[in-house]
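Letter by letter, the chains look like this.
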Amino acid sequence: MTALKLENVNKSFGPVHVLKDINLEVEDGEFVVFVGPSGCGKSTLLRVIAGLEDASSGTIRIGGEVVNSVPPAKRGIAMVFQSYALYPHLTVRDNMGLGLKQEGQPKDVVDARVSKASKMLDLEQYAQRRPAELSGGQRQRVAIGRAIVREPKLFLFDEPLSNLDAALRMNTRVEIAELHRTLAASMIYVTHDQIEAMTLADKIVVLRDGRIEQVGSPMELYNNPANRFVASFLGSPSMNFLERSVPGLPAGQTIGIRPEHLGLREDGQIFGKVTHVERLGGDTNLLVQTGQGEIMTVRLFGQDPTEVGDEIRVGFDPACAFYFDAQQERIFQQAA
Amino acid sequence: MTKARSSLSTKTTMHAVLIVYTIIALFPVFVILINSFKSRRAIFRDPLGLPNEETFSLIGYQTVLKQGDFFLYFQNSMIVTVVSLALILLFGAMAAFALAEYRFKGNTLMGLYLALGIMIPIRIGTVAILEMMVSTGLVNTLTALILVYTAQGLPLAVFILSEFMKGVSDDLKNAGRIDGLSEYKIFFRLVLPLVRPAMATVAVFNMIPIWNDLWFPLILAPAEEVKTLTLGSQVFIGQFVTDWNAVLSALSMAILPVMILYVIFSRQLIRGITSGAVK
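Chains as they are written, first to last, in this note's numbering: chain A, 107 to 442; chain B, 66 to 344.
You may find that some hints are simply not true.
[Unchecked claim] Using 27 Å as the maximum straight-line C-alpha spacing, the simulated DSS-like pairs for lysine-lysine come out as follows: (1) A:Lys213 x A:Lys225; (2) B:Lys131 x A:Lys259; (3) A:Lys213 x B:Lys231; (4) A:Lys180 x B:Lys76; (5) B:Lys231 x A:Lys259; (6) B:Lys170 x A:Lys126; (7) A:Lys222 x B:Lys170; (8) B:Lys131 x A:Lys180; (9) B:Lys170 x B:Lys231; (10) A:Lys309 x B:Lys250; (11) A:Lys309 x A:Lys259; (12) A:Lys222 x A:Lys207; (13) B:Lys170 x A:Lys207.
[Stated by the list, open to error] Listed below are several chain B residues computed to face chain A (Cβ distance under 10 Å; list not exhaustive): (14) Glu166; (15) Arg188; (16) Ala240; (17) Arg242; (18) Leu246; (19) Ser247.
I should point out that these hints are in silico values taken from the structure, not numbers from a laboratory. All C-beta atoms in this analysis are idealised placements derived from N, C-alpha and C, irrespective of residue type, glycine included.
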């Protein structure tokens, strides 16, 4: 069964066309990540699914039912917001229980579900505190707890980790992944961070300017991007695009090589000068200006003695490279 | 305070300026208060002197309490002020919520239209208002005053509150919607508590002019049983003879309720006024 099905969904704010013909299916139990640069419409799409914005056209089905005119509370969804959005005047417990109370669930059901969620998220000792007395990470867990207790058909996450610091972000990311395994629930997760997308998703949806650019598993998108935008968006450091530096490349075409597929070799195809070195311990990133004036990143595994100003030759395996035409679309026959 | 941010001299100057200003602002109130406790002769002989054994007199308060229905006036003023404030806050906040929260055609235009009331004094329409009140039979009722004061207070209330409501996080309101709260509950339970400082600001800004107003009570409700305190105090001011003891005593007593309300609201008020600048 499909948890969510979008058919030709469009959304306009006045003359601004934000979402353009979105078609998408989310299977039961699937973790889907919407990713894209800011302003691409990913949050709007999530709000349309939640019912916080009406779609201008198209149909939205959740669990098989058309929900276009169903209010958010009755869609069987729960949402976690970037700013946590906890009710400031309620305790942690009441924050989590409010949705169920509004549904008219009996008190013992509310209590049981809230206790279960608090236990799962390790929030039991904070039950009587107010949001203002909690740290950022705890607040986000309360927000997640508020979503869990409703036992929704579909979880929606709107950039839930953006307000957390780096260490906490990593921990919470792992917690969300574990939560997904435990609950086996369908989840949609919006982020602009490609690491979150790669690590959490069963399926990534890359959006640009209100259109879906490509849908696929993280490794599919990494190994087989449909166009230059997707290729550049996933992977860190991002892919190098060269037009002039590689000998034998037809005019108008661009070659894309991931930094990790480049290496220092005596017989390398590209000649250049190191302009900057980033030593990360495990990796060393070299910024190289090629003889033709293009800048590229070379990612070397382990530590490397190369210094700024060194002249180096960089080589790559043509099988690992991607070719794009002038319209930035992938040219498939030349690959591999 | 750390040394880096303030030196002794700037601090002294700052306080000196503030103290001078406080003295200037409080001086008239002080003069009213001391003179209300003096005999008539002492008021004229030495208007700035403190009451002493010789000049101390409660004659003014006695006159006020004996003559006229001072408590009735007091009650009228209280009813008019409190009901008007309640209506201004309720309707002002509701209109502000609609303007801040919902996208509809003419939203900006509506906001501007409501703000227009800030720039046009309501007293320009006094004749029309009086005619309206006469034809609806509301002359000489407290309702007339309440309606006028509500209309007078709404523009500023809507203007201030809608700015504050735009600042309430959208996510919070959306979280409420997903949890199944109705728009009314979102308004009363989530948004109103968060704009409480702004509400206090609006309340204080509206309270004082309403309490002190002489114009509309004089025109719309001059009858004995609906007189407000300010209007009631006027009986002691005659064209040829003025009972200064009584006037000063009445005014001193009229200050009290406003002061009490101000003390209640002041913490919220200060937060309301400064939150825009500091945060």
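Evaluated hints:
no.	hint	verdict
1	A:Lys213 x A:Lys225	18 Å, holds
2	B:Lys131 x A:Lys259	74 Å, violated
3	A:Lys213 x B:Lys231	35 Å, violated
4	A:Lys180 x B:Lys76	60 Å, violated
5	B:Lys231 x A:Lys259	32 Å, violated
6	B:Lys170 x A:Lys126	24 Å, holds
7	A:Lys222 x B:Lys170	46 Å, violated
8	B:Lys131 x A:Lys180	66 Å, violated
9	B:Lys170 x B:Lys231	18 Å, holds
10	A:Lys309 x B:Lys250	38 Å, violated
11	A:Lys309 x A:Lys259	18 Å, holds
12	A:Lys222 x A:Lys207	16 Å, holds
13	B:Lys170 x A:Lys207	35 Å, violated
14	Glu166	12 Å, violated
15	Arg188	41 Å, violated
16	Ala240	4 Å, holds
17	Arg242	5 Å, holds
18	Leu246	6 Å, holds
19	Ser247	9 Å, holds
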